[in-house]
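Student: Sequence lines, in order, name chains A and B.
Numbering follows numbering that gives the first Met the number 0, with no gaps: position 16 of the first sequence is 15.
Numbering follows numbering that gives the first Met the number 0, with no gaps: position 47 of the second sequence is 46.
If you are wondering where the hints come from, they were derived from the structure by calculation, not from laboratory data.
Fair warning: this is a prediction, and the values are worked out from it, not measured in the lab.
Backbone N, C-alpha and C define an ideal beta-carbon position, used for all residues, glycine too.
Hints should not be assumed to be uniformly reliable.
To be verified - Derived list of chain A stretches under chain B, where covered just means 3 residues or more per stretch with a C-beta under 8 Å from a C-beta of chain B:
no.: 1; stretch: 175 to 185
no.: 2; stretch: 341 to 352
Claimed, not checked - From the structure, some residues in chain B lie toward chain A, with a derived Cβ separation under 8 Å:
no.: 3; residue: Asp19
no.: 4; residue: Val20
no.: 5; residue: Glu31
no.: 6; residue: Val33
no.: 7; residue: Ile50
no.: 8; residue: Phe51
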Amino acid sequence: MLDPYTIRKDFPILKRKINNHVLTYFDNAATSQKPIQVIGAMRDYYEHHNANVHRAVHTLSQEASELYEESHREVSKFINANGIEEVVFVRGTTEAINLVAYAWGLRALNKDDEVIVSLMEHHSNIIPWEIMSRLRGFRIRYVEVNADGTLNYKCFEELISKKTRIVCLSHVSNVTGIVNDVKRVSRLAHEHDALILVDGAQSVPHMQVDVKDLDADFMAFSGHKMLGPTGIGVLYGKKEILEKMEPFQGGGEMIREVSFDSRRKRCSITWNVLPWKFEAGTPNVGGAVGLMRAVEYLKDIGMIKVKSHEQMLTKYALNRMGDCCRSLEVYGTKDTSLKCGIIPFGLAGLSSHDIALYLDYYGIMIRSGFHCAQPLHELLKLNSSARASFYVYNTREEIDRFVEVLRELEEP
Amino acid sequence: MVSLDDYVARVEGTCGKEKDVIVFFRYEKKDEVVKKILERSVLKKSIAGIIFELAFKDHSFRLYSSGKSIFRGFENKEELNSLLSQLLL
C-alpha cells in the first residue's frame, strides 16, 4: 500500500492553514498540488539550464533541448507510446482536443460525416466539435448516460455507423469518477473504420494507462492534474495518423525549411518531423521539466498503488458519508469498482456553493457547480453538484474531518 | 474616502443553474464586513454561526463568516454594487 503520511511531507502547501484550520485539499480533479521534487526541478531548470530549445549551438540551449526531449521520452514510456514522435506537448487537455479538431477535423470531416460524443464529456470535449460542426456541417451524435451516471453502451452501439469518423470519449468522468470501458468503445469504433479520441485528463494521473492496450488513436491529458505544473499537457497520437495530419499552428520550431521562391513569389515550406510539427513557437520548457519530474514521482509510487489508494479512500468516504449524513445524496453509482476517487454529492436544502463555502471555512477545499459538464448535470437533473476528489496525499483522517463538518452542516 | 473597493476583493459568477454571484471580501476586512452586514440586515437563519441567511430590502442572500457572500437574482453589476454600498458604506 501507498503511505500518504510520508508522501504528504513532499507537499509544502499541505502545511498551510486556512481560517486557522489545517488545509484539506479535496479538489484534485480540478488540479493537483505539487511536490517539492517538481518545484525543485523547475527551479533548477530556471537557475541553471534555461534557454530556448533546438537550433542553437550554445551549451545552455543544448542542455534545455536535452531536458525537453527527455521529458517527451518519459511521458512516452509512462503511457506506453511508441516514442517521442507520438507525444506532442500542448498547454493542456483542452488544447490537445482542439488540436485534433482543427488539424484533423477541419480537413477530414465533411457534411455527410458524423462525430460521436458522449454526454458525460467535459466541455473541452464538446465545444471544439460543436465549433467544427458549424464550420464543416457534419452531424454530432450524442451518446446518452444512464441514471446512475454510467455510459449507455447500447445507445453507443445504435449510433455508430459507417458515417462515424471519430468517437470522443472521456476515460474517466470528471463529475462522477466513473471509468468508461474505452477498450470496448475503441474496438467498436475501429470496426466501423472510425478513430477514437480519449480524454485522459482524469485517468492518466490516477491509474496505469496504456495507449496501446486501449488502442486509442488520440489521448489528451494535462500535467497540472498529475502533480506537474500548469500550462503543459499532452496529446498522444498514433504516429501514422499524426504524420498524415497538417499542422495546427504555424511559426518557428514546426517547420524544417522555409524558402522564398522568387519565380512563384511565395514561400515553399517543409514541415518539421514529429512531434515538433505540432509544437509551433517557443515551447514551455520549464513546464516540461516539471512534468517529467511529476511522471517520475508517480512512477516511483507506482500507478497500481495510486489507484488502489484512491479506491480505498472513495470506499471509506462513501461509507462514512452514508453512515453520518441523513440528508446527503451521492450522485451516480456508488460501486467503487466502476469509479476513480471522485464523489459528487448534495445536501438537502443547500446549494453546492453553500456546501463548498461551509467546508472552506474549515479549510476543506472542494469544488461546486457544473464542473464544466453542464449537459451531464442536466441529464442527471441536477442544478449543480458538490465534488470531493482525492489523490495520493489524502488520508482517512481527512475524510473523517470532512464528514464531521458535513454532519455539522446538516444539523441546524 | 472609503469605497466598495476597500471591502470587495473580487466578484465572481458561479457555475451551476442557480446563476449565483459570489462576492469575496478583502481578507483583512472580513470581520468588519461580517459585523456591518449583520448589523444592517435582517437575520432569517443561521447555520452553526458560519452561514447567515439574511434579508435586506427586497433581497435575500447568504453571508459566510469566512468573508464571502452569495447573491442571487441580480440583473447587473450596478444593482449588486448599489446593494453592497448600502450594506457596507
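Student: Each of the hints needs a verdict: does it hold here or not?
Tutor: Hint by hint, here is what the structure shows:
1. 175 to 185: violated (count 0)
2. 341 to 352: That given contact holds, which follows from 3 residues of the stretch 341 to 352 of chain A lying within Cβ reach (below 8 Å) of chain B.
3. Asp19: 6 Å, holds
4. Val20: With Cβ-Cβ at 10 Å, over 8 Å, it is violated.
5. Glu31: This interface hint is violated because 16 Å lies over the 8 Å limit.
6. Val33: Hint violated; Val33(B) Cβ to chain A Cβ min 12 Å, cut 8 Å.
7. Ile50: Interface hint status for Ile50(B): holds (6 Å vs cutoff 8 Å).
8. Phe51: This hint is violated: Phe51(B) lies away from chain A, its Cβ roughly 11 Å from the closest one there, beyond 8 Å.
When the structure is compared with the earlier hints, violations turn up for hints 1, 4, 5, 6 and 8 and for no others.
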